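Using the working numbering, the first residue of the sequence shown is number 1, and each one after it goes up by one.
In case anyone wonders, no lab produced these hints; they're calculated from the structure.
Check each hint, because a few of them may be wrong.
Claimed, not checked - Distance condition first, Cα-Cα at most 25 Å in a straight line; then the derived BS3-like pairs of lysine-lysine:
id : residue 1 : residue 2
1  : K139      : K175
2  : K192      : K178
3  : K138      : K113
4  : K138      : K216
5  : K122      : K138
6  : K175      : K216
7  : K178      : K201
Small disclaimer: the values here were computed from a predicted structure and weren't measured.
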Amino acid sequence: MDARRPMSPAGAGIDPVFAINAVVSVVDDDPSVLRGLQRLLMAHGLEAETFSSAAAFLAAPRRASVGCLVLDVRLPDLNGLEIQRLLAERNQELPIVFITGHGDISMSVRAMKAGAIDFLTKPFTEEALLEAISLALKKSRARLAAAQEAAALAGRLASLSSREVEVLREVVAGKLYKQIAADLGIAERTVKLHRARISEKLGVRAVADLVRLAEKVGL
Numbered sequence: 001m002d003a004r005r006p007m008s009p010a011g012a013g014i015d016p017v018f019a020i021n022a023v024v025s026v027v028d029d030d031p032s033v034l035r036g037l038q039r040l041l042m043a044h045g046l047e048a049e050t051f052s053s054a055a056a057f058l059a060a061p062r063r064a065s066v067g068c069l070v071l072d073v074r075l076p077d078l079n080g081l082e083i084q085r086l087l088a089e090r091n092q093e094l095p096i097v098f099i100t101g102h103g104d105i106s107m108s109v110r111a112m113k114a115g116a117i118d119f120l121t122k123p124f125t126e127e128a129l130l131e132a133i134s135l136a137l138k139k140s141r142a143r144l145a146a147a148q149e150a151a152a153l154a155g156r157l158a159s160l161s162s163r164e165v166e167v168l169r170e171v172v173a174g175k176l177y178k179q180i181a182a183d184l185g186i187a188e189r190t191v192k193l194h195r196a197r198i199s200e201k202l203g204v205r206a207v208a209d210l211v212r213l214a215e216k217v218g219l
């Protein structure tokens, strides 16, 4: 596919579930490529942001939404691999689909090892690009869901008292109420009361579920 030509959505597509509220950022120094890719993405129900330089992209605010980056490897001010590294350093990692007319095997390997979704050499097919973007948006949506779950979990954990946190640590360590009471210097009945409050606040009753929850937050 020549990214400079108008492109038709026929024969390829983005899963509508992945497209909901999704933003695809495209960085390429060729205006005709930017226009062509923007038309293609909009035809598939995606919001597209286009940037003609690395500086313009890096200066733009990042949205807390599902998204991915279609990134030309060779840009006048910074190459794509350097942008990938900078985003990782800023904890602003986006799933990246690299596009290039000058790719080589070593560059492709470096990009993929650093977490790129795909590395497409121009001219690439429309289907190949859309498939890569679908995978990228799927990964982004999973990351966002995990982040939202972690934030909700952190909020529930913050509602625990310091003593309840101590009891929780003992419970997930597999200790019996009697052992916990001895370790903390409190009555066994008090341990049971704390345990009940922990379950109520966290919405989790089974010990196995408490263990999984604790692992997620590194407790």
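Going down the list of hints, with the structure as the test:
For the hint pairing K139 with K175, the CA-to-CA distance comes to about 38 Å; that exceeds 25 Å, so the pair is violated. Distance check on the hinted pair: K192 and K178 sit about 10 Å apart at the alpha-carbon level, within 25 Å; holds. For a cut-off of 25 Å, the pair hint linking K138 to K113 stands: about 19 Å separates their Cα positions. As the CA atoms of K138 and K216 are separated by approximately 21 Å, the hinted pair is consistent with the 25 Å bound.
With a C-alpha separation of about 24 Å, the suggested pair K122 and K138 falls inside the 25 Å cut-off, and the hint holds. Between K175 and K216 the alpha-carbon distance is near 20 Å, which keeps this suggested pair within the 25 Å criterion. The straight-line distance between the Cα atoms of K178 and K201 is roughly 23 Å, inside the 25 Å bound, and the hint therefore holds.
Of the numbered hints given earlier, the model fails hint 1 alone.
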